[in-house]
Amino acid sequence: MTELDRIRNFSIVAHIDHGKSTLADRLMQATGAVSERELREQMLDSMEIERERGITIKAQTVRLRYTAKDGNAYILNLIDTPGHVDFTYEVSRSMRAVEGSLLVVDATQGVEAQTLANVWQAIEADHEIIPVLNKIDLPAAEPDRVAEEIEEVIGIDATDAIHVSAKTGHGIDELLEAIVERLPAPKGEREAPLKAMLVDSWYDPYLGVVVLFRVIDGVIRKGDRILMMQTGARYTVDRIGVFTPKMEAVEALGPGEIGFLTASIKQVRDTRVGDTITHEKRPTAEPLPGFKPAQPVVFAGLFPVDNNDFEDLREAIEKLALNDASFTYEMESSPALGFGFRCGFLGLLHLEVIRDRLEREFGIELITTAPSVVYHVHLRDGTMVELHNPADMPDPSTIDRIEEPRIKATIMVPDPFLGDVLKLCQDRRGIQLELTYAGNRAMVVYDLPLAEVVFDFYDRLKSVTKGYASFDYQLIGYRPDNIVRMTILVNGEPVDALSVMVHRDRAEQRGRSMVEKLKELIPRHMFKIPIQAAIGGRIIARETIPALRKDVTAKCYGGDITRKKKLLEKQKAGKKKMRQFGKVDIPQSAFINALKMDD
Amino acid sequence: MTLPPLPADESGDFGIYIHWPFCAAKCPYCDFNSHVVRHVDEEDWCRAYLQALERAAGETSDREVVSVFFGGGTPSLMSPATVSAILEKIAKSWRLAADLEVTLEANPSSVEAQKFAGYRAGGVNRISIGVQALNDADLRWLGRLHDAAEARAAIDTAATIFQRYSFDLIYARQHQTPAAWKAELRQALALAGGHLSLYQLTIEPGTAFGRRAKAGRLEGLPDEETAAEMYLLTQELCDAAGLPAYEISNHAEPGQESRHNMLYWRLGDYLGIGPGAHGRMHSAGTRFATEEIRQPEEWLAQLKRLGHGEACRQPIAPKDSALEYLLMGLRTRQGISLSRLRALDADLLDQERLSELARQGLFAIEGDRMRATRRGWLLLDSLLVQVLA
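In order, the protein sequence lines correspond to chains A and B.
Counted from 1, the first sequence has number 170 at position 170 by this note's numbering; the numbering is strictly sequential.
Adding 1000 to a residue's 1-based position in the second sequence gives its number in this note's numbering.
If you're looking for bench data, these hints aren't it; they were derived computationally from the structure.
Yeah, the Cβ is synthetic: ideal placement off N, Cα and C, and Gly gets one too.
A few of these clues could be false.
Said to hold, decoys possible - Calculated Cβ distances over 12 Å to all of chain B for the following chain A residues:
hint: 1; residue: Thr67
hint: 2; residue: Ala140
hint: 3; residue: Pro193
hint: 4; residue: Ala325
hint: 5; residue: Glu359
hint: 6; residue: Leu475
hint: 7; residue: Glu520
hint: 8; residue: Ala534
hint: 9; residue: Pro546
hint: 10; residue: Arg549
hint: 11; residue: Gly558
hint: 12; residue: Lys572
hint: 13; residue: Gly574
hint: 14; residue: Asp585
Said to hold, decoys possible - Some, not all, of what chain B presents toward chain A, calculated at C-beta under 10 Å:
hint: 15; residue: Glu1229
hint: 16; residue: Trp1265
hint: 17; residue: Tyr1270
hint: 18; residue: Met1328
hint: 19; residue: Glu1356
Excised from the complex, chain A in its bound form (with noise of 0.2 Å):
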């Protein structure tokens, strides 16, 4: 165990292609850490366990020994937290196992979105924040003006930013004695009841479920009987230790400290992040605050564009869910589409993710369903359903209202962009809270529909704003709402998984769009294919897809049998890729792209 003041936990903020690895990598071959010879080795592994973890790695961490100008030996703990707002609150919980961040700037490029939306949570975690500007040694670098924006964009004091350049490593020495003289030891009672925070966790192979947590108070010891507050779930620990980056055991690790252990458990899915570590005997009085379980927000349904691939499907999912507590699933049947799962995710970056781990890591090609949030179906005998998809809609004669959840969103937004933004939220039937300005930036605070957001909200946001918005959301509860089901008929039959929720005042719009979007999408058949949205019986919106009147080579000899044999072969893979309904080859990209929004 090692005094409280002697120790500095810090996190790196940094835009993609700032650096963040390689200085890590140059930290940690500064340290003693790892060798020269070993950097290369190190970060293959570092890439490999990434994958290994997927996306529920949402923390990686490196305990640093370092003898400082003063002297004394100290030990850095640095955690790696990759940003976005899906993952919001694992972030946070990363954010605050720690007191300290670099902020980590190219100094040829400037302050970019992903920074800022990663350095907002580290003020709101009260961190010290040491800005960095990297990449000094590149002739197009400009120190002056980076630091002048990063005090005019961020508001923090860049006066004392450090240079460095992780690539040849000038400027390391200097940053590692700011991160000792600048940031705050940790605080914590050694005597007190353990309360250590859970910040990640993972399965490996060989060790099971491995534990990333930050003791607050209290002493762990190897052996100790631990109880997590959130789950009620008891452990005894195997195995106590820190990275190196190796895994190194330890004896017991104290306040301020952060490192792993392994208890036996057995599914990643046992375990929560922000859940409160304590001991069974003598546990804390009080749990960590901000603990938030892991809630899915959008559910969308998954299902096999061959059918036969359903127990591949399953299997699969069985395997993703087990290393992921925040994706849930059920067993879906739909008329059109056979057997799938309904799926619950943080977002629609976590739904992709998942999708493509699917497709690519168990070889299934799926159908992606139109994205839903859960809204509460309060019937007229006042029960309250929640509807996770549209196709299973009560009669609406025994419906009394709908509701539909609310986010607080937060925009940071250079000036040039704010009218844009704020025509985005109003179009979205956002409620203005806020709107303050910082510098050249406004920051505007709506209240929104999450069904609003979550489809490409985030995506319209960065296009209109050239990328230069950050982006941050809270649920903040259930409203009623004028929300009713859209149905799309294609030549006449409804296709359920094509079917969505919509406010109605935004039904037209929306429907309109919708079976535009689906005349583009559908490939022209033999006989003409109408197109319908409906809410009930009525129909809001129609177009037409006209009958291929003509479609054939008129050329064909010896010398265009091979090209056109190719060509055969590749729409005949294309085929694949469609769902028949009725009469009419539906492509499974369809579904999704069905719903993108141009506003």
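Using the hints, position chain B against chain A.
The following block gives chain B in isolation, referenced to the frame of chain A:
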């Protein structure tokens, strides 16, 4: 109208395709392997063709040649002497069918028309003229170097010299109405011998028209509906004139079908000689695809070095042959033999879909034969995708 059946024989035929890759000018619609060069050493090229034939004969001398076809490029830029030398070489190297068909593609310029008699003397017995249009404005738009009067004169010359002649027209041109095409086709039918090729203009990528279309500078082309109408009226007029379609774009009096083209559409064997030429050949029970080097100078150089111009030769699996048979055979009026198709690949077709499309009148199945109907022809490319299992 009942049509006499086409010869049912589908196997064993063998022909030779000679590709002359040079043109006086590149037409804006053409995506064939054609090159415009300042000077061609014709003697050098002639020797090369003879050498290539010599080598090919070594592999296939047991076959009987039913057809020789000079295509291009513009083969009518060759001198009759070169054509004659090539034909002599072929006659020496293979057995020739009694009714051997020897076709040469020609441009209708007056200079070229003057050579027709020379070609006839050298052994060409069928000429196919690239007329493309019968009015000067459209000929200029199509980048042709001849005018309508020259075209008519060339057809007249051909008619006096050759028993069998054909010419090509391209329709569905810029700003062309169905009525205008109808009038032009009537004139064409009055000039026609036993064979006509009528192609709808296709904008190919990599051509001048392709680039213009991509840049949005090719307006006024008939829309799909109009193009379909033009296709159907073409069928009506040709039927009435006794030149029914025996392939999607080819019309002939019964018996006057191009024997050479039927090789392509019925999965026959053919040598492909000359830059970029493709061949299909059985050897020791396996069917091969050959492809010659596309660049003329490179083809010539390799030929001198190795005695052949092949860039690659690959065996074709039976199921690939099945696909070729399906996609080529359904272009013909007689369609395909289902038993022959099944012998190559028993699982190629989605039977259920096929029955459905037959019910819709797009395919006709009569005994062992499957063919696309006229309506089916118009949609053949998408129908092919649909019937594949």
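Of the numbered hints stated earlier in the document, which are not met by this structure?
9, 10, 11, 12, 13, 14
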